[in-house]
Amino acid sequence: MKNLFYWMPLMVFCFIACEEDKSIEESGNLVPPTVDEAPNLPSIFINGTLLHAEAYGNPEDPMLVFLHGGPGGDYLNGMNVKHLANNGYYVIFYDQRGSGLSQRHDKDTYSIQIMLDDLTAVIAHYRISDSQKVFLFGHSWGGMLAAAYINEYPDRINGAIFAEPGGLNKDLLDEYGESSRKLELFSEATNDVLYGDQFITGGENDHAILDYKVAMISSFQYHEGNNEGVEGPSPFSRYGAVTLNSFVDIAENDGFDFTLNLNQFSTKVLFLYGELNLSYGLSFAEKEAAFFPEADIRQVDGTGHEMIHFKWDNVYPPVLDYLNSIN
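Mapping the sequence shown onto this note's numbering, position 72 (from 1) lands on 72, and the numbers just tick up by one.
The hints are simulated quantities; they were obtained by calculation from the structure and are not laboratory data. Among the hints, erroneous ones may be present.
With a straight-line Cα cutoff of 25 Å, these simulated PhoX-like cross-link-like pairs (lysine-lysine) come out [stated by the list, open to error]: (1) Lys170 to Lys107; (2) Lys268 to Lys107; (3) Lys268 to Lys170; (4) Lys82 to Lys287; (5) Lys133 to Lys170; (6) Lys268 to Lys311.
These figures come from a predicted structure and were not determined experimentally.
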């Protein structure tokens with residue numbers, strides 16, 4: 001039974017392929033439709049793109065923007081954060097450009113700056129006054145994006161929570177990646193990752209096909225014995241493969257450093273790391289937190305990288321304590 005999830009996408013593909021006159025390129029046949037294909041989905045139009053987005057709580061309360069992982073993931077596995085709306089925070093979720101159920105774009109249109117511009121526009125869309133405080137809560141890649149935003153605009157944000165950001169500069173990202181997701185060439189997990197290439201291939205901007213393939217590969221993240229302490233599959237709607245590929249290329253070809261101006265951010269930040277993530281741990285959290293003048297580092301017991309989904313009851317107390325302490 002443990003391998004059933006690995007083969008479910010392939011089973012769905014085979015079912016679709018057998019139906020008469022069904023094309024894998026047609027919207028909704030291979031992966032869920034995006035907001036520009038399904039107008040019933042909640043969305044906002046900002047900065048020339050349509051984003052899947054929703055908000056919880058009183059719009060007059062301090063704003064908390066959740067930044068999901070990836071690049072190319074979505075906010076479904078972070079939905080527990082919405083409970084902070086019961087504590088006086090206006091909680092905003094959005095699938096980043098080309099991610100989740102948001103509109104797709106060609107690979108050569110992505111950049112770090114456009115993601116920062118999107119975040120600026122999301123905040124402006126939901127913010128009702130200049131005095132309304134804005135906090136960021138970034139998980140994994142979302143934590144990297146939060147750091148990039150503060151690095152560029154240290155005076156725009158009132159506080160930030162980082163749940164195991166993958167690396168705030170290229171060297172740290174390489175260090176984390178080296179220890180977190182190695183593939184053993186002849187392992188069962190590797191076979192699961194590569195199996196789909198025997199059946200479907202896609203060009204650089206064939207979004208549905210590539211998104212489907214990334215969904216298949218995602219099972220590697222929680223294979224038995226993974227270093228990140230991921231307990232099992234967490235919910236997602238659709239992965240953005242082109243977004244992921246674009247930012248992998250940007251990191252490898254151009255490099256990045258989101259730490260140059262973090263010393264200008266005088267407000268205390270919160271770093272969270274999972275007890276079971278052998279690739280992150282206190283030592284890596286300390287390396288990343290050291291770029292900020294003041295940081296509180298907390299271990300989240302009994303969980304790994306996907307702490308927000310699996311152990312929200314352990315994440316919630318330090319997050320609420322932090323927010324209330326600086327609000």
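Task: Hints the structure fails to honour - done: 2, 4, 5
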